[in-house]
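Residue numbers (my numbering), protein chains in the order written: chain A, 1 to 273; chain B, 1 to 610.
Because the hints were derived from the structure by calculation, they are not lab data.
A hint or two may mislead.
[Said to hold, decoys possible] Cut-off 25 angstroms, straight-line C-alpha distance, at most; resulting in silico cross-link-like pairs (SDA-like, lysine to any residue):
| hint | chain 1 | residue 1 | chain 2 | residue 2 |
| --- | --- | --- | --- | --- |
| 1 | A | Lys142 | B | Gly585 |
| 2 | A | Lys155 | A | Phe140 |
| 3 | A | Lys8 | B | Gly273 |
| 4 | A | Lys142 | B | Trp185 |
| 5 | A | Lys142 | B | Tyr183 |
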Amino acid sequence: MEIPYTDKARPDTGLFNAKVGIWLFLASEIMLFGALFSAYILLRVGADPGTWPQGLLNIPIGTFNTAVLITSSVTVVLGWASLKMGNFGAYRKYQAITILCALGFLGIKSFEYKDKWTHYEVWKTDGTRMTGHIEGSPWFWKTETLTKLKLESIKFTPDATHYNDPKTHAADAKADHGTAHKEAVEIKTSEIKRLSAFVPAHSTFFAIYFTITALHGLHVLCGALVIAYILGPGAKMWKTNPEQYMNRVEVSGLFWHFVDLVWIFLFPVVYLL
Amino acid sequence: MDATKHAGHHHDVHSDSHHHELNFWQKYIFSTDHKVIGIQYGVMALIFLFLGFCLMMMMRWSIAYPDTPIPVVGKLLLSVFGPEAMPNGAMGPDLYNSFGAMHGTIMVFLAIVPLAFGAFGNYVVPLQIGAPDMAFPRLNMASFQCFFLGGVVMFSSFFIPGGAAKSGWTSYSPLATFAERGYDWNGQTFWLIGMVLLITSSLLGAVNFIATIIQLRAPGMTWMRMPFFCWAQFITAFLLLLAFPPLEAAGIMQLMDNLAGTSFFLPSGLMLGGTTPVPISGGGSPLLWQHLFWFLGHPEVYVLILPAMGIVAEVIANNTRKPIWGYKSLVYSVFALGFLSFIVWAHHMYLTGMGTKISTFFQTTTMIISIPSVIILTCLFVSLWGGSIRFNTQMLFALAFLPMFGIGGLTGLPLGFNFADLHLHDTYYVIAHFHYVVAPGTIFGLFAGIYHWYPKITGRFMNEFWGKTHFWLSLIFMNVVFQPMFLQGMHGMLRRMYNGGATYAATAEQIGLPQAILDLNKWVSHGAWFLGLAQIPFIINFFWSIQKGKKVTSDNPWDATTVEWQTPTPPPHGNFSKPITVHRGPYEYSVPGHASDFTPQTEPVKGSKH
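Produce the entire structure from the sequences given, and follow the hints as far as they go.
Structure, rendered in structure tokens:
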């Protein structure tokens, strides 16, 4: 038994099965990310005025990562076009670049993540608060960590400005985050009301930022794995059934463009706005 | 061209090599055949339906006789769940909440949807459109496996410390996050992971169904020659495809709230039995969960009902021996239902204080959505007019579906008006309303489907006498169970109380629920247990008929027109023994001048080349 239209397009719809399938899948993906973006909007609109963290993400790195993904979008379509013209060698080169871009993107993203997980905010009992780094750059500390480690005080290097209050430090405002520091200070544990790294539990901003970028990262990873599979072990099909092989490349490319598109929306929303 | 020829040749070789015998595992467990997968779905869903029903029967004891040891199973539950959940063998409030939440979850996501969509859709749709299989057979298998795993995760949560999820099938935050704060991997976490698996399953299924219907219709099977059942499944698949992902997103966010300490759905200053706020960042919105949940939740209602409507249409056309009245109206109505079901969700949220303007919008759309529902029901009713009806078991179930679904639908109108809903919200009235839609509605439709397609699947009929016994007892006890709940609800009796509202009984000093209303609890509970007994004829009939039922003498025992009856019985892998071409519409019964009172869709039109 053979299933019709796995390689050839059905005449009246003009589509092969997998193309229908991937578009439907992408429709549901739009609803998935759409729900998360809606959550972002609702949380941000509902936040108390002036409390939404802004400017905490590194815009140059984010811009570079955007460029990396756009490059991969170009190479993925060039790869498919080369294959359509029968140039298997060029296709392989282009797809290799696509995969490298994907890995580069994930590498840069994990660097950004690590940066956040070692960056802290301290709420003091006197009502003041500051962001900065703890000596030794530990990961994931929270308020309970201090009592668990029986620390009497921490050595804290505050940032030049606080994200909710950049205007009061207009002189330092030009300085990049994480590079311009004030003098290190000693903060007693008893003075600390709350301590949190820039992790999801820090605020709803970081909650939605990490959730949505991690889900996107997962999509990048899966997309890269699929493209790598088709390029590597799956390439045998080029000899046995080139029509279907080209369909596979096309379908994986469609998914890849979608993943890029999500980032095109994600970047301005979380980095710039 | 050379490449294509080459490829075509390869295919032949490939399919030849498929003729070797499949072993048991390939044939029944890891099958990619849509019919086997349909049966797998059906069997699992019926098991879950039974288990979900059992949970309810035990809950009904607690409602009728609160704090009294449960007979028969009390000791067993005590030994499984421990004395804290089952004090003295009576059901404790926490266990009741678990059972309530899981009854809803199991019935909706593990029983009805898999049976209506997974089982009937998988088995019947490819046959009705003349396809050899689904468009993506391996995805189909993965879909069932995800469903199975999701079911296992859901069920195992009963036996973990803290027990299964107990925040209702709607899992409202912040309750869902704090109900079992003591355990990180608590019932709610299991629930969310189970849901993610079930959502993945229905996503794979939905993509597959739509692609199959678009791509694999047999030659001549134009859109308007498709049986109504396929249309119903087509729209259902779209609902699943587009409505479930927001719940998946919400599930991920609630999982983050529970495990990573985020505050997506937790407001600032939240306090739990104390005066100091919970140490969380706050700033989240409990309403956000409700919006995302009901964005799935309402289309889900139509996921539950549309396949049943499809089955009922097939059964009615077949047994009135005349075409369905208003086939096109049915198709357009089901489209309208599908679209409108996405913009009515907040009528579940009138009481949240989201504002009168928003309430008015959703009230309006809710009233509009009743129009296509009424068109469908009217078409089906009018189809009966002037027919020479065969009152076999499936027809009885299909006929009972019409008034039962009618009651369910019409009692929904007061809930759709926000002023009336303020009084009825969260009462037994709501329970009665949606159970009328789903239990004597959808489940009767599904029973009709089982009796109707059983001969195609097994090659034997189910017993008519026991089928009719099953029908009449079910019909009577369904109404015994659900009619009194309307009355209880209108008196203001709230749902989700383990003692059935005894806390709010009227006394000499205070206004409350009258004793007569509370006494109805016992009446309803007995109805539920008898309803359980009424299913015994069905269960025995179902298994007995596989081996001992009357054998079918033809491949088309009901003299039906649709294409699924043109296959050998049971259909082999690949379905059709010869290529199928469709020449006419789906319901050409009693065509004047035709020798028999039915004209199969595959019969060529005389004097025409097509």
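What hint numbers does the structure not satisfy? 1 and 3
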